[in-house]
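Novice: Line order of the protein sequences matches chains A and B. Numbering-wise, the numbering used here puts 58 at position 58 of the first sequence, and it's gapless, one number per residue. The numbering used here runs 223 ahead of the 1-based position in the second sequence.
Only true hints are included.
Derived Cβ-Cβ restraints for the label pairs, each shown as a range: (1) Ser-122/A x Phe-397/B: 25 to 35 angstroms; (2) Ala-125/A x Leu-469/B: 27 to 37 angstroms; (3) Leu-104/A x Gln-424/B: 47 to 57 angstroms; (4) Arg-175/A x Ala-232/B: 26 to 36 angstroms.
Sample of chain B residues at the chain A side, in silico, Cβ under 7 angstroms: (5) Arg-230; (6) Tyr-327; (7) Asp-473.
From the derived model, a few chain B residues whose C-beta atoms are all more than 10 angstroms from chain A: (8) Val-250; (9) Leu-251; (10) Trp-265; (11) Thr-284; (12) Trp-357; (13) Asp-360; (14) Leu-405; (15) Asn-415.
No lab work stands behind these hints, which were simulated from the structure alone. Each residue gets a CB set at the ideal place from its N, CA and C atoms; glycine is no exception.
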Amino acid sequence: MAAPYAPPHALRVSAVHKSYGARRVLRGVSFDLGPGTLAGIVGENGAGKTTLLRILCGQTAADAGAVEHRGRLGYCPQETVLNDFLTVAQHLRYFQVAYGLSGLRRAEELMEELHFSEYRHSRVAVLSGGTRQKLNLTLALMHDPQVLLLDEPYQGFDWETYLRFWGVAARLRDRGCCIVVVSHLAWDTERLDRLYRLHDGVAARWQPGPGPAPGPAPGPGGG
Amino acid sequence: MDAPGRRFATASSFALLEHTRNRFALVLVVFYIPFWLTMEHWFVASAPTGFLLRATGRHLTVDGNRLTMVSGALNAVTLIVGFMMFMTTFKSLAFDRRLVLAGYPRICLLVAKVGAMLLAAALISAYATAVICWYWDPVRPWLLMAGVFTAGVGYGGIGILLGAFLRNELAGLFVIIMTSLLDTMLQNPISNPGATKGGVQFLPEYGPTQVSVAAGFSDATPYEHLLLGPVWFAAMWLLGTAAFHLRTRDHRPAAGRALSAAARP
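Let the hints inform the model, and build the full structure from the sequences given.
Specialist: As structure tokens, then:
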């Protein structure tokens, strides 16, 4: 009998472990995500969400386990990692060269979608927290990644920008991008195809009930 | 322009831009150097002072005021270049790591930073030498500029190393200031009459001080001592580069990286 068809995974995480000294942060995180999936990982502060995402993008080494992704990777760190001496346009130019892009068409689209094109020639040091976060996100998306890792991506966004962010995420998902959104809030979970809760170092499929969510309060600026 | 050339050109232009937008460093260059040298010219007595020019083995008797100005120029340039390189390394480490993970070759970023530093150090050294020449005529001003330049380069390396290792801005600035002050004080026979003792040659400013004093007051050209500043730079830069490599390592398995690279748009 022929084996049932299994779609190829975009991101496969197998038994990832990570400790900091005696503190075991991740104790065997495993999950598979296919292309065109919008997944969320929630957990309380200190549950290991950022550590997990840093392992997924290659910034931190796991103690054990394996991570495999197919296609271009995009990563938006929790803190805005920008260069205060450079303008928005100079950031785009730097990452255009880093990604090996021939043009900035996608970056221009994202700037329009997130409404910060007018800051193109402003130095990052003078931008508001929300605009810095928009640029932080654009740098992760401008090369049209096939696997996208977002760590608390809507910090500092106002409500309109928060909704635009989900619009961008949904369109990416519809184009086949596998997206992982990490947050300490179980907020707007109906927008997600899958939701995991990171608890006691393990990620388990989770359906938020009527009880309290892992985070203290909902909202885009919750951090 | 091909891809490697474009990467190098982009990193170089932005590295230079960072220095030009470091307003505090620019203020230090424009105002602190002439102010410092003018104060020394005004307050330090012109008494004859003995200096052991180890490069030639000769004991020179020089004007103490002018000797202090040479020391002051070395001190000011080492502080400024060390501070500039510390700040640019310290502040851009996370950003550089992000660029490397996005595909920017580390070597382009590193070489661009060094190129920008060499240009900045050359301009600052020329400016400091010009201020000295305003007050008196060194025997060979170009060699004096080269001596001051090698001091700046050596401390630029120290700034890179501190920027790669220290996690606190204040700690880095404090270490650079104290190291430069102590180094300058120990080389100068006015502040340290025992500067003839062995051991000073192991300090970063030793070679540049020998070259600069030789340029200011003699016809000797201590070629070997001209290399000591760059040797200090190379040693510090290698250690800083090792730290940079460790902190920007891509921990994804090689297969995953290959898949990702193959999928570049």
